[in-house]
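The whole structure should be built from the sequences, with the hints applied where relevant.
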Amino acid sequence: MDTDDTLTVGLATDLDGSFEGLVLTHQDRLYSIALRVLGNPADAEEAAQDAFVRAYRALAGYDAARIRELRLRAWLATIVLNVCRSRRTRGAATRGTLSLDVALPVDAEPRTPAALGPAAVADRRAGTESWADLLLTLPTAHRVAVVLRHVDGLSYPEVAEVLGKPEGTVKAQVHRGLAQLRAAYEAAERLHPEELTA
Amino acid sequence: MTPDDRTLEAAMAGLATHAPSTLAPDVLVEVGLADRFARTDSPIGGLIVAWNGLGVSTVDTETDDATFAAAHATRTGRPTYPATSLPPRLEDAIRRRLDGDRRVRIDLDLRGHTDFERDVWAKALEIPAGEVRPYGWIAGEIGRPKAVRAVGTALGHNPVPLIVPCHRVVRTDGTIGQYSLGGPANKRTILRAEGLDPDGLEDQARGGIRFVGSDTTHIVCLPTCHHAKRITPAHRVPFRSFGAALGSGYRACLACKPASGTSLAAA
Numbered sequence: 001m002d003t004d005d006t007l008t009v010g011l012a013t014d015l016d017g018s019f020e021g022l023v024l025t026h027q028d029r030l031y032s033i034a035l036r037v038l039g040n041p042a043d044a045e046e047a048a049q050d051a052f053v054r055a056y057r058a059l060a061g062y063d064a065a066r067i068r069e070l071r072l073r074a075w076l077a078t079i080v081l082n083v084c085r086s087r088r089t090r091g092a093a094t095r096g097t098l099s100l101d102v103a104l105p106v107d108a109e110p111r112t113p114a115a116l117g118p119a120a121v122a123d124r125r126a127g128t129e130s131w132a133d134l135l136l137t138l139p140t141a142h143r144v145a146v147v148l149r150h151v152d153g154l155s156y157p158e159v160a161e162v163l164g165k166p167e168g169t170v171k172a173q174v175h176r177g178l179a180q181l182r183a184a185y186e187a188a189e190r191l192h193p194e195e196l197t198a
Numbered sequence: 001m002t003p004d005d006r007t008l009e010a011a012m013a014g015l016a017t018h019a020p021s022t023l024a025p026d027v028l029v030e031v032g033l034a035d036r037f038a039r040t041d042s043p044i045g046g047l048i049v050a051w052n053g054l055g056v057s058t059v060d061t062e063t064d065d066a067t068f069a070a071a072h073a074t075r076t077g078r079p080t081y082p083a084t085s086l087p088p089r090l091e092d093a094i095r096r097r098l099d100g101d102r103r104v105r106i107d108l109d110l111r112g113h114t115d116f117e118r119d120v121w122a123k124a125l126e127i128p129a130g131e132v133r134p135y136g137w138i139a140g141e142i143g144r145p146k147a148v149r150a151v152g153t154a155l156g157h158n159p160v161p162l163i164v165p166c167h168r169v170v171r172t173d174g175t176i177g178q179y180s181l182g183g184p185a186n187k188r189t190i191l192r193a194e195g196l197d198p199d200g201l202e203d204q205a206r207g208g209i210r211f212v213g214s215d216t217t218h219i220v221c222l223p224t225c226h227h228a229k230r231i232t233p234a235h236r237v238p239f240r241s242f243g244a245a246l247g248s249g250y251r252a253c254l255a256c257k258p259a260s261g262t263s264l265a266a267a
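Chains as they are written, first to last, in the working numbering: chain A, 1 to 198; chain B, 1 to 267.
It is worth saying that the hints were derived from the structure and are not from the lab.
Ideal Cβ positions, reconstructed from N, Cα and C, are used throughout, including at glycine.
Do not rely on the hints blindly, as some may be mistaken.
Partial list, computed: chain B residues near chain A (C-beta under 10 Å) [claimed, not checked]: (1) D4; (2) L8; (3) A10; (4) A16; (5) H18; (6) L28; (7) G130.
Written as structure tokens, this is what we have:
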């Protein structure tokens, strides 16, 4: 019995007593997905929080049999992506910002204020900041597919379930996403060779 | 150099990161599985207020964090996280409520309490600032006229004193009575802060006066009703019982409903 099976059994019998276990088990995943899709730590934290609150309210309305049958990894990823989607739509509408659906050349991507924070500095030292920035230049559909498959580590059947698309489509999106990532990396390397570490 | 798929996949796997330590507490507080608490001021000194996504769960006299956390866990079964201050909107709402503004909405988390207790507290919420009602009045108003002692017990268990103003409920003999938030002296202090004179009230009650009427309107009130306070001394008629007022041709005030909790409640 893996952790999620234990969790769903616990959630089905005692939601309030088991919910903290669900949060602690899945918080790094949901935060990472939100961070790599949205690109901003503050937005990501809010999105992950919102996703867990939605999950709790949904679980409170499900009967025990339905909870036991949940595939938690895919289910929670679906919820956090829905939150990210609605935040991005709302954010773009209210702030008039560029839609992330448009693929931007690397040097046109505006630097967020968060890029100056201590966490960002540590990220840069580790080389993750550059990859995160490159990932944000991908079209949303490709970025989300790459994040689910390679950042979160879901299997292709799980990614297909989360995105509600055939496995073949999802595989194509991941491959295309990686190809765009490679192209973006090469373009960035030509511009700022010292900032990137592969 | 062109990164191969393996390199790209490893780089993406490296983008998985840890959630901030604030995430789990925020979630648990929002869904009501944990509470935050912070300190604030009041007419009776420092208070600790605890809240979660469902509402305010506790108001208590100030203690150290560990003592409060232990007492809260014992009562609610929930963990607590200290906060530096109340959320500004909640702080403002509590301030306005203490200043007597009953229109300001404060959500309360009263899970784990009986319907009877909630009924008692909901009724206490209807008592305006600067006025008091006897325990029996609450019992009568919630349709349990014989449950006067149980009303007193429920008020003693009020987890959110000041917000639910159990300090505005006094003994049926007119004395101020007990108070859960640090004892009866605090009850007098709060009532004084709301503009009442607790000593004067007790003197009046000892003199046997339970009701006050106006001989111009022939309406009878509880002594602290805002309508009673407007009666000029020349027209002020004291009564020892509601029956005596009825007998003199007076009718009950619609605001303070003085018959509630008396044997003539149906009259």
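Quiz item: Taking 10 Å as the limit, does the beta-carbon of D4 of chain B come near enough to a beta-carbon in chain A?
Solution: holds, 9 Å
Exercise. Go through the hint on H18 of chain B and say holds or violated, using the shortest Cβ distance to chain A against 10 Å.
Key: It holds, given that the least Cβ distance between H18 of chain B and chain A is near 5 Å, below 10 Å.
Self-check item: Cut-off 10 Å, beta-carbon criterion: hint that L8 of chain B touches chain A
Solution: holds, 5 Å
Quiz item: Against chain A, with CB atoms and a cut of 10 Å, does the hint on A16 of chain B hold up?
Solution: This interface hint holds because 5 Å falls under the 10 Å limit.
Quiz item: Per the CB criterion, is A10 of chain B less than 10 Å away from chain A?
Solution: At 9 Å from the nearest chain A Cβ, A10 of chain B passes the 10 Å test, so the hint holds.
Exercise. Against chain A, run the beta carbon of L28 of chain B and see if the smallest gap drops under 10 Å.
Key: holds, 6 Å
Practice problem: With chain A as the partner, please determine if G130 of chain B meets the hint condition of a C-beta pair closer than 10 Å. | Solution: violated, 40 Å
In this structure, the one hint that does not hold is number 7.
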